[in-house]
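On the provided structure of chain L, position chain H as indicated by the hints.
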Amino acid sequence: MMNLQELTENFAFFDGWEEKYQYVIDLGRQLEPLDERFKTEEWKVKGCQSQVWLVPNFDGGLLHFCGDSDAILVKGIIAIVLLIYNNKTPQEIKTVDVMKIFATLGLEENLTPSRRNGMMSMVAKIREYADAYED
Amino acid sequence: MYDVYQIRKDFPILAEKVNGKSVAFLDSAASAQKPTVVLDKMYEVYTNAYANPHRGSYFFAEQITREFENARCVVQKFINAESAKEIVFTRNATESINLVAATWGAKYLHAGDEVLISEAEHHANLVPWQHICEVTGAKLKVFAVSDEGDFVEENFIKKLNDKTKLVAVTAMSNVLGTIFPIKQITQKAHDAGALVLVDACQFAAHYPVDVQKWNCDFLAFSGHKAYGPTGIGALYGKAEILREMPPYQFGGDMIDNVTFDKTTFADIPARFEAGTAAFVQAIGMAEGLKYMENIGLDNLVSHENELTAYTLNLLEQVPNLQIVGMAKNRGGVFSFDVKGIHPQDLAFVLNKENVAVRTGHHCAQPIVNRMGYTSLARASFGLYTVKEDIDALFAALIKAEKFFREN
Chain L
1 MMNLQELTEN
11 FAFFDGWEEK
21 YQYVIDLGRQ
31 LEPLDERFKT
41 EEWKVKGCQS
51 QVWLVPNFDG
61 GLLHFCGDSD
71 AILVKGIIAI
81 VLLIYNNKTP
91 QEIKTVDVMK
101 IFATLGLEEN
111 LTPSRRNGMM
121 SMVAKIREYA
131 DAYED
Chain H
136 MYDVYQIRKD
146 FPILAEKVNG
156 KSVAFLDSAA
166 SAQKPTVVLD
176 KMYEVYTNAY
186 ANPHRGSYFF
196 AEQITREFEN
206 ARCVVQKFIN
216 AESAKEIVFT
226 RNATESINLV
236 AATWGAKYLH
246 AGDEVLISEA
256 EHHANLVPWQ
266 HICEVTGAKL
276 KVFAVSDEGD
286 FVEENFIKKL
296 NDKTKLVAVT
306 AMSNVLGTIF
316 PIKQITQKAH
326 DAGALVLVDA
336 CQFAAHYPVD
346 VQKWNCDFLA
356 FSGHKAYGPT
366 GIGALYGKAE
376 ILREMPPYQF
386 GGDMIDNVTF
396 DKTTFADIPA
406 RFEAGTAAFV
416 QAIGMAEGLK
426 YMENIGLDNL
436 VSHENELTAY
446 TLNLLEQVPN
456 LQIVGMAKNR
466 GGVFSFDVKG
476 IHPQDLAFVL
486 NKENVAVRTG
496 HHCAQPIVNR
506 MGYTSLARAS
516 FGLYTVKEDI
526 DALFAALIKA
536 EKFFREN
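Just so you know, the sequences run in chain order L and H. In terms of the working numbering, the first sequence opens at residue 1 and continues consecutively. In terms of the working numbering, the second sequence opens at residue 136 and continues consecutively.
Chain L extracted, bound-state conformation (with noise of 0.2 Å):
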């Protein structure tokens, strides 16, 4: 499993947002893969244009996420979200400064309070659940 820095690494190579993109869609096939079972209402993050879903498992003290979306870049980008914020403790999630790093990987864009692109519910979604789990 790669780290950040890792990914901070290859993300420096890219020329151009299609490399780049090429290899978002690459992160997001190698993405961890959601139970079919998830995909239903009751998992599905709120305020994306695409379907989202987002599954919290809450083992050891640290929290896990798996996620999944219909559309291929966004699945990408909730490749890299996970590997920013699984197997976290709730209070190291909620130290996470997730804009900073997507600044630094050049993917800042898909952070926007835009109604379309719900990448900002997803990631205030997994703040609740680190919220609720911790003690």
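In case anyone wonders, no lab produced these hints; they're calculated from the structure. Hints may be right or wrong, so weigh each one.
[What the hints assert, rightly or not] Quick list of the computed label-pair ranges, beta carbon to beta carbon:
| no. | chain 1 | residue 1 | chain 2 | residue 2 | range |
| --- | --- | --- | --- | --- | --- |
| 1 | H | 345 | L | 35 | 56 to 62 Å |
| 2 | L | 128 | H | 282 | 41 to 47 Å |
| 3 | L | 15 | H | 451 | 32 to 38 Å |
| 4 | L | 128 | H | 186 | 33 to 39 Å |
| 5 | H | 464 | L | 22 | 53 to 59 Å |
| 6 | H | 174 | L | 128 | 40 to 46 Å |
| 7 | H | 507 | L | 44 | 19 to 25 Å |
| 8 | L | 33 | H | 136 | 54 to 60 Å |
| 9 | L | 58 | H | 174 | 52 to 58 Å |
The beta carbon of each residue, even a glycine, is placed where N, CA and C say it ideally should be.
For chain H alone, coordinates are given in the frame of chain L:
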């Protein structure tokens, strides 16, 4: 026809570059760009002639009242209403429709009555009716369009009966581009004893409106889709119908006489315009309509017809692209799906190529679903749209198709 390249100079935003490249703006159906005359007029009012209309009797107040009422006359002439009293200024087409639902609907709709809408309505001409039907116990009925998106008279007639109190229908679908035969619909509806409300917010930005010829009872449209500012729209209602309707909101400007015991209300249209109106926007809206009239509505129609044919021809050459809405009578709105590519993914690449289109359900979920989709991309024209914009769309679609096929 007119020189569209010359016209484009009237729209400062069209010269804006994004990442050093010009933008193909193909989202005028969501909101149109503004010509300098509209912006200048509003600036001039704020800087030289500003006061609250209908109140003071000093120079600025008299002047602004004249300008505001003149704007009403411009709207009246634009849609060929019999009297300026029949024009109520609202925030937008949505508010115009809500006004009718909340006042006329609350007074005249009862349990067992029916409101009939087309399957192609956007939420603005659907949700207000759904709501007032729930409140009054009336039923919302829907007539189907064909699979291509055409108006089908027999589908309409089948749903029309003596319980139908109102037919609320769009003059032009914001998803399918279909143009509905309003005169024909109105005639049948009136024969059945129903009133007709026309949602003209797409239509009025492209084609001449004639409420007397159509004989519709209400018509709603907005300023911002017709080259005017946001925050302003108009409701037309036949005077004799408006006069029987209770007020919409209460406060200043809509009253005749007020005591602590009782208030009597002003005549139309003031009765429906409580509080300080968006009068600078109304003046701006009128300026946008005059701008269209100066070019000539017939010229706008010819230009749009030419672009429509050009677009259909190009889009048909994009692999795996399906145009959703192929009605015989259609305007410059093109919703489409590229098989295997999610519209949001598609929009991402189009944005990278500086092509501005809308994606999603277009505030009209039922018709998007009815056509077999949850989300679509849509390109739409304004009077400044040129073939080069369509060429840019075509090139970006080819690039997107290749990008996602190879990745």
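Enumerate the violated hints, using their earlier numbering and listing them in ascending order. As far as the earlier hints go, 4 and 5 are violated by this structure, in ascending order.
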